Amino acid sequence: MTMLVIALPIFASLLILLTPKRWPASQPTILMAATIASLFLSFSLFGKESMVSFPWLGGGLDFSFRLYQFSAFIVAAVAAFSFLIALYTLSFFRADNQSKLFAFYLLLSQGLAAGAVLANNLVVMLFFWEALLLTLFGFILLGGQYSFKTAIKAFTINGITDLCMMLGIVLTIFLAGTATMTKINLPLDTLGATAFIFLMIGAIAKAGSMPFHTWIPDAALDAPLPFMAFLPAALEKLLGIYLLTRISFDLFQLKPESWVSSLLMIVGAATLILAVLMALIQKNYKKLLSYHAISQVGYMILGLGTAVPAGMVGGLFHMINHAMYKSCLFLTGGSVEKQAGTTDLEKLGGLGWKMPVTFGCFLIAAASISGVPPFNGFFSKELVYDGALERGTIFYVIALLGSFFTAASFLKLGHAAYFGQAATQTRETKEAAWPMLLPMIIIAALCLLFGLWNALPLNNLIQPVFGQQLAGHNYAGLPHNLFLIVMTVIVIGLALLNHWFGVKRYGSGLKAADHIHYAPGLKQAYNLAEKKFFDPYELGLKAIRLFAIIAWGLDRLIDWLYSGLATSAARLLSLVIRKSHSGNYATYLWWVIVSLAGSMLYIFMVK
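Using our numbering, you'd call the opening residue of the sequence shown number 1 and step up by one each time.
Read the hints as simulated data drawn from the structure, not as lab findings. Please read all numbers here as calculations on a predicted model, not as lab measurements. Accuracy of the hints is not assured; some may be wrong.
[What the hints assert, rightly or not] Straight-line distance between alpha carbons at most 25 Å, and here's what the computed DSS-like set of lysine-lysine pairs gives:
#1 K532 / K511
#2 K338 / K283
#3 K542 / K531
#4 K523 / K504
#5 K255 / K183
#6 K283 / K430
#7 K511 / K542
#8 K338 / K430
#9 K183 / K347
#10 K153 / K504
#11 K511 / K531
[As the list claims (entries may be wrong)] Simulated restraints, written as ranges between beta carbons of each label pair:
#12 L561 / I394: 52 to 60 Å
#13 I441 / D189: 44 to 52 Å
#14 I160 / L573: 49 to 57 Å
Don't be surprised by glycine CBs; every beta carbon is placed ideally from N, CA and C.
Given the sequences, and given the hints that come with them, work out the whole structure.
Put into structure tokens, the structure is as follows:
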């Protein structure tokens with residue numbers, strides 16, 4: 001059964017690829033049948049534990065898979081999102097070839113993700129992890145005219161970070177003497193911390209953390225929107241945070257007093273605040289959401305990085321909550337794009353009345369990501385706040401500021417797209433088809449369910465992952481810290497007040513955050529960011545171009561030294577020698593006498 005959850009979607013993906021065009025109904029049939037079967041199969045694995053292992057490369061490198069509480073939870077989540085996105089694509093895609101390839105990549109990604117999660121051997125895990133790079137590349141290529149450039153960027157960034165993870169795996173195996181994950185438990189000494197950081201880079205890059213995030217906003221504009229709802233919003237967050245949790249608390253011993261813990265918290269805090277500030281100024285529905293997909297992973301990393309029970313549970317709870325509300329938000333964006341023909345907020349408006357179901361799902365998901373009670377995001381954020389406050393007030397303040405800017409940006413997005421006067425382009429817009437609406441409704445309902453009945457995910461999915469590390473702690477139910485609740489309500493109130501002020505000042509929901517955008521200091525920083533001054537990939541390209549120019553200059557210099565200077569010197573020497581051979585015997589006799597005199601003088605001086 002464990003192997004079947006990997007093999008079934010991979011086999012179905014190949015079946016779709018080989019299906020002839022003359023059978024157009026076969027592709028959606030296979031897609032839905034495979035995702036439904038995988039979903040039931042994944043949920044049937046809950047509560048079961050098993051180990052599958054057989055010899056592979058020798059030397060302890062067995063093809064080993066392990067099913068247990070955490071891996072079963074992630075596999076089921078991946079299967080659930082695969083099913084919902086598959087259902088959504090039935091109405092989203094028009095081009096048969098694009099639909100067929102998307103279905104192929106979706107099922108293949110699902111199977112590879114299951115393999116990476118269930119792998120109990122670091123080398124086997126790396127095999128599945130690297131294979132996902134190919135589906136990422138293929139997904140993005142299905143997009144618009146700039147998709148190839150974006151696909152190269154995504155492949156390069158993820159390839160470099162995966163190389164770091166590969167180095168971490170090699171060092172971990174060297175230190176532990178085994179590649180079997182259940183047999184590894186290393187201290188964070190000098191070499192251990194080095195291995196941890198290399199592995200951490202691979203994990204947080206997969207999750208979309210800064211500074212490895214810059215391909216995501218580009219993909220939001222260039223790649224098909226269901227891809228954004230599936231990979232950056234859900235699957236990659238699940239995989240990246242899953243691996244970060246495993247390396248932090250299974251392979252290594254992350255403690256609150258460790259400098260590695262502080263490093264994780266700094267990365268998380270920087271990611272959540274810088275990305276949300278970029279989201280605040282966006283004027284495209286999809287691009288705004290893409291920056292929030294980056295920002296929210298900061299909360300997960302911050303929570304896990306605290307290495308205290310509340311933060312750890314909050315980080316993992318926020319992972320699954322984010323996968324839900326962010327997928328829902330991207331799906332609402334897809335509905336708007338398909339029905340209105342654009343995601344440019346300057347061309348949208350008044351969609352709330354024309355697309356009431358989409359708008360309702362947007363409201364729930366936006367409230368969830370903003371941390372509004374009683375939705376799921378409120379409870380996971382409160383746990384992250386609790387852990388951050390225990391480790392340091394500065395981290396709590398940054399997390400709280402992130403929530404303020406999150407709420408402010410979604411007030412702006414909701415106002416610009418769904419309220420106000422209907423734009424000329426959207427006057428005839430109608431609600432999306434039910435295959436697109438149903439996944440949004442299901443996810444929105446789960447956002448409410450995981451909030452009101454948070455004991456269901458916390459007691460059955462999240463808290464069992466940490467086992468004895470949570471002894472004596474139970475975080476289900478209402479938040480235990482009244483101060484944190486009051487501060488959250490104040491922050492949401494301030495975000496509403498900020499939006500009201502911006503609308504009054506500029507007369508537009510789209511410009512409601514312009515007073516922040518153009519604030520002294522921030523304006524200059526935003527201008528640099530918009531020009532990709534802080535993009536490591538673009539900086540790397542500039543460095544390569546500079547190196548190429550320098551190398552070209554050196555090549556020209558060497559060529560000149562060889563072809564110009566050396567040739568001129570040879571010609572001059574040739575001229576001197578030619579002049580000395582004049583054919584005059586008196587001159588030759590003179591050279592002989594001088595040479596003999598010189599030789600005799602040398603012999604005399606030596607003796």
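Consistency of the hints with the structure:
The suggested pairing of K532 with K511 holds, with an alpha-carbon distance near 22 Å, which does not exceed 25 Å. With a C-alpha separation of about 18 Å, the suggested pair K338 and K283 falls inside the 25 Å cut-off, and the hint holds. Among the hinted pairs, K542 with K531 is consistent with the structure: their alpha-carbon atoms are about 13 Å apart, no more than 25 Å. Restraint check: the Cα-Cα separation between K523 and K504 comes to about 21 Å, which is no more than 25 Å; the hinted pair holds.
A distance of roughly 20 Å separates the Cα atoms of K255 and K183; the hinted pair therefore holds under the 25 Å criterion. Distance check on the hinted pair: K283 and K430 sit about 22 Å apart at the alpha-carbon level, within 25 Å; holds. With a C-alpha separation of about 33 Å, the suggested pair K511 and K542 falls outside the 25 Å cut-off, and the hint is violated. Taking the CA atoms of K338 and K430, the gap is near 10 Å; set against the 25 Å cutoff, the hint holds.
For the suggested pair K183 and K347, the alpha carbons sit about 57 Å apart, so the restraint of at most 25 Å is broken. Restraint check: the Cα-Cα separation between K153 and K504 comes to about 41 Å, which exceeds 25 Å; the hinted pair is violated. Only pairs whose Cα atoms come within 25 Å are accepted, and K511 paired with K531 is accepted, the gap being roughly 21 Å. Checked against the hint of 52 to 60 Å, the C-beta distance between L561 and I394 comes to roughly 57 Å, which is consistent with it.
A C-beta distance of roughly 51 Å is found between I441 and D189, which places it inside the suggested range of 44 to 52 Å. Hint check: I160 to L573, Cβ distance near 52 Å, so the stated range 49 to 57 Å holds.
Comparing the model with each earlier hint shows violations of hints 7, 9, 10; every other hint is respected.
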